[in-house]
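Q: Read off the chains here:
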Amino acid sequence: MSGAGAKAGDKRKLIGSGLKLRAKDALGNAFLRGAVAFTTDKLRGGRLNAMAEFGNWEAWRERGRAIREHTIRHLDYYLSQFAEGVAKAGGHVHFCASADDAVGVFMEIAGRHGAKLVAKGKSMVSEEIHLNEHLAAAGIKAVETDLGEYILQLAGETPSHLIIPAIHKNKAQIAELFSKDAGRPLPPETKPLADYARARLRSIFLEADIGLTGCNFGVAESGTIVVVSNEGNGRMVTTIPKVHVVVMGMERLVPTFEDLEVLLNLLPRSATGQKLTSYVSLITGPRRPGDLDGPEELHVIVLDNGRSEQLGDPVFQEVLHCIRCAACLNVCPVYRHVGGHAYGGVYSGPIGAVLTPLLQQDMAEAGQLAYASSLCGACWEACPVKIPLHDMLVHLRQRKVGMKLNPPSERAAFRMYKKVFANVKWFRLATRSARLLQRPFVREGQIRKAPGPLSGWTRSRVLPALPERPFRDRWAELKRELYGNPADGGKGPSGSFDGGGDGR
Amino acid sequence: MKVSLFITCIADQMYPEVGESVVRLLHRLGCEVEFPEGQTCCGQPAFNSGYRDEAREVARQWIRAFEGSEYIVAPSGSCAGMIRHYYPQLFEDEPEWKEKAERLSARTYELSQFLVHVLGVEATGARFAAKATFHPSCHAMRLLGVRGEPERLLAGVEGLEMIELKCKEDCCGFGGTFAVKMSEMSEAMVSEKARNVAETGAEVLIGTDLGCLMNIEGRLKKEGKTVRVMHLAEVLQKGAERR
Amino acid sequence: MTGPAGSIRGKDDFIRRIAVRLGRGEPLKEAPPRDVKGVPEFYRAAAASRQELIDRFVREWTALSGKVRLVPRGEAAAGAAAYLEEIVTGEKVEAVSLWDDPEIAGLGLEAALNRLGAETVVWRESNGGLSGDGGDNGHDPDDGPKAEDGTDGGKPSGWRARSGLLRATERCRLGVVCPDYAIANTGTLVLQACGGRGRSVSLLPSVLLAVFPAERLVMRMGEALERLRSEGETKGGLPSSITLVTGPSRSADIENDLTIGVHGPGKVHALILV
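Chains X, G and S supply the protein sequences, listed in that same order.
Following our numbering, the numbering of the first sequence begins with 328 at its first residue and continues without gaps.
Following our numbering, the numbering of the second sequence begins with 25 at its first residue and continues without gaps.
Following our numbering, the numbering of the third sequence begins with 295 at its first residue and continues without gaps.
Calculated directly from the structure, the hints in this document are not laboratory data.
We treat Cβ as the ideally placed atom computed from N, Cα and C, and that holds for glycine.
Possibly wrong hints are sitting among the right ones.
Each computed DSS-like pair below joins lysine-lysine, with the alpha-carbon atoms no more than 27 Å apart [to be verified]:
id : chain 1 : residue 1 : chain 2 : residue 2
1  : X       : Lys415    : S       : Lys529
2  : X       : Lys752    : G       : Lys26
3  : S       : Lys386    : X       : Lys518
4  : S       : Lys323    : S       : Lys305
Negatives, chain X to chain S, calculated, CB over 12 Å [claimed, not checked]:
id : residue
5  : Ser344
6  : Met434
7  : Ala465
8  : Asp689
9  : Leu756
10 : Gly783
11 : Ser787
12 : Leu793
Restraint ranges, calculated between C-beta atoms of paired labels, are given here [stated by the list, open to error]:
id : chain 1 : residue 1 : chain 2 : residue 2 : range
13 : X       : Gln500    : G       : Glu126    : 54 to 60 Å
14 : G       : Glu123    : S       : Ser343    : 54 to 60 Å
15 : G       : Arg219    : X       : Gly772    : 22 to 28 Å
16 : S       : Lys386    : G       : Gly172    : 55 to 61 Å
17 : G       : Glu116    : S       : Ser524    : 36 to 42 Å
18 : X       : Val642    : S       : Ala340    : 35 to 41 Å
19 : X       : Arg766    : G       : Ala153    : 36 to 42 Å
20 : X       : Ala386    : S       : Pro298    : 43 to 49 Å
21 : G       : Arg176    : X       : Val642    : 32 to 38 Å
22 : S       : Ser343    : G       : Gly149    : 40 to 46 Å
23 : G       : Gly172    : X       : Pro734    : 40 to 46 Å
24 : G       : Glu126    : X       : Lys498    : 55 to 61 Å
In isolation and in its complexed conformation, chain X is listed as follows (with noise of 0.2 Å):
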C-alpha cells in the first residue's frame, strides 16, 4: 500500500512495507544496535552454559515438542479439561474468538467493578488485542509493572525485545524518564533508578483495581495458571487486586504437573540461562474462604484471534507450540544487527516473523517479513521444543508466490531460472551470454559497480567477475590428465591450468 500520497512515517507503520525503513532506522542507531547485540550474547551464553549444565539437552528438547506437539493434536480436549479446572476452583472463563471479544470481556469486568486502575504484568496478548488503548479511551489507567515495559510506557515506545524489552534505552534516557514521572531529578544510576521504580510501582499494586497477567503455562488437568517472573510483580498483581484477570492464548497449556516440569525446565535455560525464575506461582482459582489474601474474583480470558485458523495446517500448526522463551531472537543474526521494532508488531525475530503473518491472515503486508531471514537456521537449533521455524519462513514465502503476490518481475525471473537451469543446452547458452553482458562492468578480474538487482550486492560487496572458462569446460582436460586418453595408453598431455598439481 504505497500510493504517491504516502509519507515515509506512515510507510513505517505498514508491517511489510515499512521493514526495510524500519531496518534501516535501526542500523543507523548505534546505541540500539551495541545493546541489542550485548544483551543477546549475555542471554546466548546464558542458554549455552545452563544446556550443558544440565546436561542431556536434545533429550530434553525433543520431550518438550512432544508434549506439546500431543496437546496441540488434542486442544479441544486439554482446554476444554482447563476450563472445568478453573470454573470448579471458582473461576470464571470467557472464550474469546476474537480480540474485540477479548477487549469487550474486559472492559466489562472493569465497568462492574467501577475499576479505575490496572496493574499489568507482562502479557504479549494484551499487547496484541490493543488493551491499553481501549484502557485509556474509556478513561482507565493502565499501568505496566514489568520494570522494562513501564520504562516504555514512559517513553511511549513499544518493546524492542520479549524478555527484556527496554534494551534499547539507557540510563540516562531512563533517568530522564523518571525524573519526570517523580517530578524531581534521579541520577543516571541504577540502584536510585531501581529503587525509584520499586516504590513508585509498589503504590501501583496497593492501589490497583484490577491485576492482569499473562499466562506462561495453563495445567489443564486442575486449571492452573502458571505465571513466571523475575523481578515479583507477577506475585503483586496476582496477590494484591481484588479481581485477577488472566489473557491467555488458547494454545498456553500443558495436560499434567508432570509436563510443567518438562517446559520449567526448559523455559527459564532457554530465555535467559537461570534454572527457575524467581518466582513461579502456581494459581487455582480465587481465594478461597480464609484466605487473607489473594484476590476475590479469577478471570481467565482464552483467546483464539487467528490462532485455530493454523490448527489442521500440516505445516503451520506446530507454531502453536511455541512457548515465548525468545531463545529464537537472541541467536538470529538478523535480529542482532535490527531490534524488535523492525519487525514492526507485537511478537519480532523469527517468531514474529512467522506468527505476525499467520494470527493476521495477511500474507500481503505481513507476509513480507518472510523475507526478513538468510534461513541460516539457528532458530531451529535453538527453539527448546524445535519448532522448524526457517522451514515455516520458506513456506510463508511459497505462501506468497502461490497467491501472485510478489512482483511480476521476479516471478519473470523465476520463470527464466527455471527455463535456464533445468536445461544443460540452455545453461550453457545463459551462462556465456552472462560473461559478455558483464564485460562493461568488469575492472581487474573484479565488478564494483553491478546494474539491477546486483546492486544490492556491489553497495557493500566487491563481486568477483565470472572467469572465462567455466569448470565445465575444463572438465575434458582435468580428466585426460588425470586418467589419461584410453587412446593413447595412459599418457595424457599435462595440465594446462592455473595452480593444479603437487609440490607446491
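With the hints as your guide, set chains G and S onto chain X.
A: Frame of chain X, contents of chains G and S only:
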C-alpha cells in the same frame, strides 16, 4: 570408488579452480572422479524464494544428471543440504521421483563429511604454512550436522595455525537472494563477520561454502583488507593458488 | 474448601471450532492416550540421600545470594532465635510478618522476636494494624507521585480499602514462612497459600526467612508437584496459590545491570533443621 562431482553452480561458473582442487584432492585420495555433464544447479535459489514449482523442475534435472551415481560429493554444505534435506519432500506428490530423490539424497555428501566419514581420512597429506581462521557454513552445520569435520581436516594440515573465529556460528549474511533483496541487513551481518575475521589476525579465511566465501571476501575486498579467502578443498590440495 | 462457584462462557462454539480444524466432527471427550509424558527416565530415576539433598539445596540457594543456616533439630528453637537475632540486627528490622502456623508457633519465633524488640504481625484477620489505621510508616508515598485519587500525600483510596492486615504486613521488613517442600536441584521453596499462610508474608517485606526441616527436601520440582497434587486430591482441590521461590527478586531491565530486590524480597534466608 567412483565419485560423482556435484560441482554446484557457483563453483562451476565462478570458482572453477575450487572445483579443480576438489577433483585433484579426491583423485589423490584414491577416488575415480566423474562429472555428470547434465548438472546445472540444485534449485535452492528458487526453493528458498518460495518458487517451489520452479525449484522442482531444476531438481528434476539434477536427479536426471546424477541418476546412476554411487557417491555424490559437493564442495558446499548448502547445496548438499538442499539435496539431502529438501529433495524428498519436493517430490512428495510424485512417488516415482520421490523414490529417486530419496535414493540419491542418501548418497549425497558435503566434501568434509565425505572425507571424514566415507573415506575415513583426516590427514590428507597437505602442507600449508599460514595463520588461518575457519567460518562454518550454517547449512552444513544445521542441515547436515557437519560440526568439527572441517576443523579436523584442517588440524591435519602441516604448518597451519588455526585461530578461533569469534561468533563463528553466526550467519555471514549471504542467504542467497537475501544478500541482494535485504541488502542492508545482509551488509550489517557481513560487516560484523568481516570484522571478526580481521580481528583474528589470520592471513587466510577458510570455509566450506562458496556463497559464504564470496560474500565475506567481497566485503573484505571492499574494505581493502588483504585476508586471503580459500575453500577447504584448496587448502587441503596443498594450498592451490587462486587468482 | 469450596468458595463461590466459577463459570464458563462461550465454550461450545470455541471448542467445536478447534475440533473441526483438527479434523474431528465432535470435540474429544475422552483423555487421549499418551506414550510420552513428563520428564525423561534418566532424570526421574536419580535418587539422593538426605545429605545430598541438603548439600545441593545449599549450593543452589547460596549461588543465588541466598543465605542459609543449618540447625540441629534438637536446638531448633534456640538456633532459630539466634539466626533471627542476626537478621533483625543486621537488616535493622523493626516489624516482622509471620505465617499463622503451628510450626512457627512451635518454634516460639513470635516470642523470640518480641524479646529482640521487634513488633510482630501474625497473618490473621484480627491483626488490623500496628500504629493505627491508615498509618504513617510503611507505604510512604515519599518516592511516588501524588496519590491516584488526588488526595494529598496521605494514603490513596485504593489502599485505604485494603485490609488492615495487609497494610500492617506491608510495613514489615522481614517475613517468616515455613515451606511445605523445598526443591534441592534449583534451590527453591514451595509455599502454599491458605488461611494463615498468606502470600503477602513472603512478598511484601524486603527480607525473607524460610524455616523448614530437611525432610521436606526433594530433589526435583516434579516430586513436589506430585505430592501437592495428592494432597489437593484429599483436600478437595489445590490451594488458590502455590508459589515457587528461587532466590531473591531480580531485574536486568536497566541497561542490563542486575538489580536485586525489586518487588519481592531482595535478601533471602533459609534455616534448615537437620
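Q: It remains to establish, for every hint, whether it holds in the given structure.
A: How the hints compare with the structure:
no.: 1; hint: X:Lys415 x S:Lys529; result: holds (14 Å)
no.: 2; hint: X:Lys752 x G:Lys26; result: holds (26 Å)
no.: 3; hint: S:Lys386 x X:Lys518; result: holds (20 Å)
no.: 4; hint: S:Lys323 x S:Lys305; result: holds (14 Å)
no.: 5; hint: Ser344; result: holds (31 Å)
no.: 6; hint: Met434; result: holds (15 Å)
no.: 7; hint: Ala465; result: holds (16 Å)
no.: 8; hint: Asp689; result: holds (19 Å)
no.: 9; hint: Leu756; result: holds (50 Å)
no.: 10; hint: Gly783; result: holds (34 Å)
no.: 11; hint: Ser787; result: holds (30 Å)
no.: 12; hint: Leu793; result: holds (47 Å)
no.: 13; hint: X:Gln500 x G:Glu126: 54 to 60 Å; result: holds (56 Å)
no.: 14; hint: G:Glu123 x S:Ser343: 54 to 60 Å; result: holds (57 Å)
no.: 15; hint: G:Arg219 x X:Gly772: 22 to 28 Å; result: holds (25 Å)
no.: 16; hint: S:Lys386 x G:Gly172: 55 to 61 Å; result: holds (57 Å)
no.: 17; hint: G:Glu116 x S:Ser524: 36 to 42 Å; result: violated (48 Å)
no.: 18; hint: X:Val642 x S:Ala340: 35 to 41 Å; result: holds (39 Å)
no.: 19; hint: X:Arg766 x G:Ala153: 36 to 42 Å; result: holds (38 Å)
no.: 20; hint: X:Ala386 x S:Pro298: 43 to 49 Å; result: holds (44 Å)
no.: 21; hint: G:Arg176 x X:Val642: 32 to 38 Å; result: holds (37 Å)
no.: 22; hint: S:Ser343 x G:Gly149: 40 to 46 Å; result: violated (56 Å)
no.: 23; hint: G:Gly172 x X:Pro734: 40 to 46 Å; result: holds (42 Å)
no.: 24; hint: G:Glu126 x X:Lys498: 55 to 61 Å; result: holds (58 Å)
Taken one by one, the earlier hints fail for this structure at numbers 17 and 22, listed in ascending order.
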